[in-house]
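Q: In order, the protein sequence lines correspond to chains Z and U.
Position one of the first sequence corresponds to residue 1 (our numbering), numbered consecutively onward.
Position one of the second sequence corresponds to residue 1001 (our numbering), numbered consecutively onward.
Since the hints were derived computationally from the structure, they do not count as laboratory data.
The beta-carbon is built from N, C-alpha and C at its ideal position, and this holds for glycine as well.
One or more of the hints may lead you astray.
Have a look at the derived ranges for each label pair, beta carbon to beta carbon [what the hints assert, rightly or not]:
#1 Z:D134 - U:G1058: 58 to 66 Å
#2 U:P1137 - Z:A92: 50 to 58 Å
#3 Z:A183 - U:R1057: 37 to 45 Å
2 protein chains.
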Amino acid sequence: VTTQTTTVALLGGTGDLGEGLALRWGRDTDHELLVGSRDPDRAAAAADGYAAALADRGHDASLAGLDNAAAAARASVAVLAVPPYHVGDTVAAVADGLDAGDVLVSPAAGMTRDGDGFHAHRPGAGSVTRVAADAAPDGVPVVGAFHNLPAGRLADLDADLGIDTLLVADDDDARETVRALAAGIEGLRPLAAGPIANAPEIEGLTPLLINVAANADGLHDLGVRFR
Amino acid sequence: VTTQTTTVALLGGTGDLGEGLALRWGRDTDHELLVGSRDPDRAAAAADGYAAALADRGHDASLAGLDNAAAAARASVAVLAVPPYHVGDTVAAVADGLDAGDVLVSPAAGMTRDGDGFHAHRPGAGSVTRVAADAAPDGVPVVGAFHNLPAGRLADLDADLGIDTLLVADDDDARETVRALAAGIEGLRPLAAGPIANAPEIEGLTPLLINVAANADGLHDLGVRFR
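Okay, chain Z solo, but in the shape it has when bound (with noise of 0.2 Å):
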């Protein structure tokens, strides 16, 4: 088996998803990963401790901390983990190092909470996934992944996943890069939904499994399998 690398920017990788995703890629697969943050030290920091998480557990991975625009940059793909109102605003920060060909993932979801539970918020344009494609340079497609995470159990490398991520995409290519970058964390299923028309209904389920999680007995930090 011959397993492709890539080089990817964790945008906003010093958040918990970020944490995930780089632990799980640091331990699968040998992409080189960039951890990015608005500050490049805090970016630094992270990225080391990433990296020392890994070497206690024998796994030499490939891990660097910088700017976003920096990581953005140096990237082939670049995983907006940013929360959902600071979408826009990181593509507009990266989009000049952005090259055609590189492909942007946004696994955010919008959210209010009231007292009954957490629902979806849909920004204007129908799904933060398409704020990201709207906002991306002409040439850079985006896809929808990574959303219905559950971060604590991501970044326990102990926890087994056993779930599914669900992709959206207008470019078969791009959608492809990515499904190949899910199907490399061990235990994680790419499945695909279909354009980024649909991403409304998967940004939804993200306040559903904080619901479920805060209601049903004995279930916390919830994945989802499709079956």
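Knowing the structure of chain Z, use the given hints to seat chain U on it.
A: Using the frame of chain Z, we list chain U on its own:
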């Protein structure tokens, strides 16, 4: 183990979901099942068909067909297995026969379809479950449940389920009644997801399941398991 017997009306029970629930409860429980339809002859024919299918497998189920109002009047739990745009009308048509403490169950989800896929279409009230609750007589609680079930697999008694159904309710006793009914179906796990205010995210999962089945290779007639 003592199993309580409940009289359950399946309003609109000649459709796919009604058929699946009737066959599963008929096989796996001793509940008295009343298939409802606007046309009592169609209801009786469907009930006879379900009973014959169960008898072929050696199950002597209690099944009868009635018009919706008569079925609801005799039952303590009535499942609104009708299209989303008929939920309000159906509740109104059966309201006179409901007693305080009877429970209505709302499984419908509003959807639209376009060239990309299926999309959530919320009624003005916020969810179909809320439409049912708003239409229900005083003292008759509504539980949202059975939204995300693969109807074809449900009606195929050779198919294993291994999936979850989510419950939303504002009345704890009613939620428990429906939880127990759901748990009586082999391979179906009921999970609480909070109050009816959390129904929109559950109803939004239904179009997502269709989109995944339409796009992911090798998967069809999907349910979901939270894990």
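Q: Each hint: holds or not?
A: So, going through the hints one by one against the coordinates:
| no. | hint | verdict |
| --- | --- | --- |
| 1 | Z:D134 - U:G1058: 58 to 66 Å | 59 Å, holds |
| 2 | U:P1137 - Z:A92: 50 to 58 Å | 54 Å, holds |
| 3 | Z:A183 - U:R1057: 37 to 45 Å | 40 Å, holds |
Going through the hint list in order, the structure satisfies each hint without exception.
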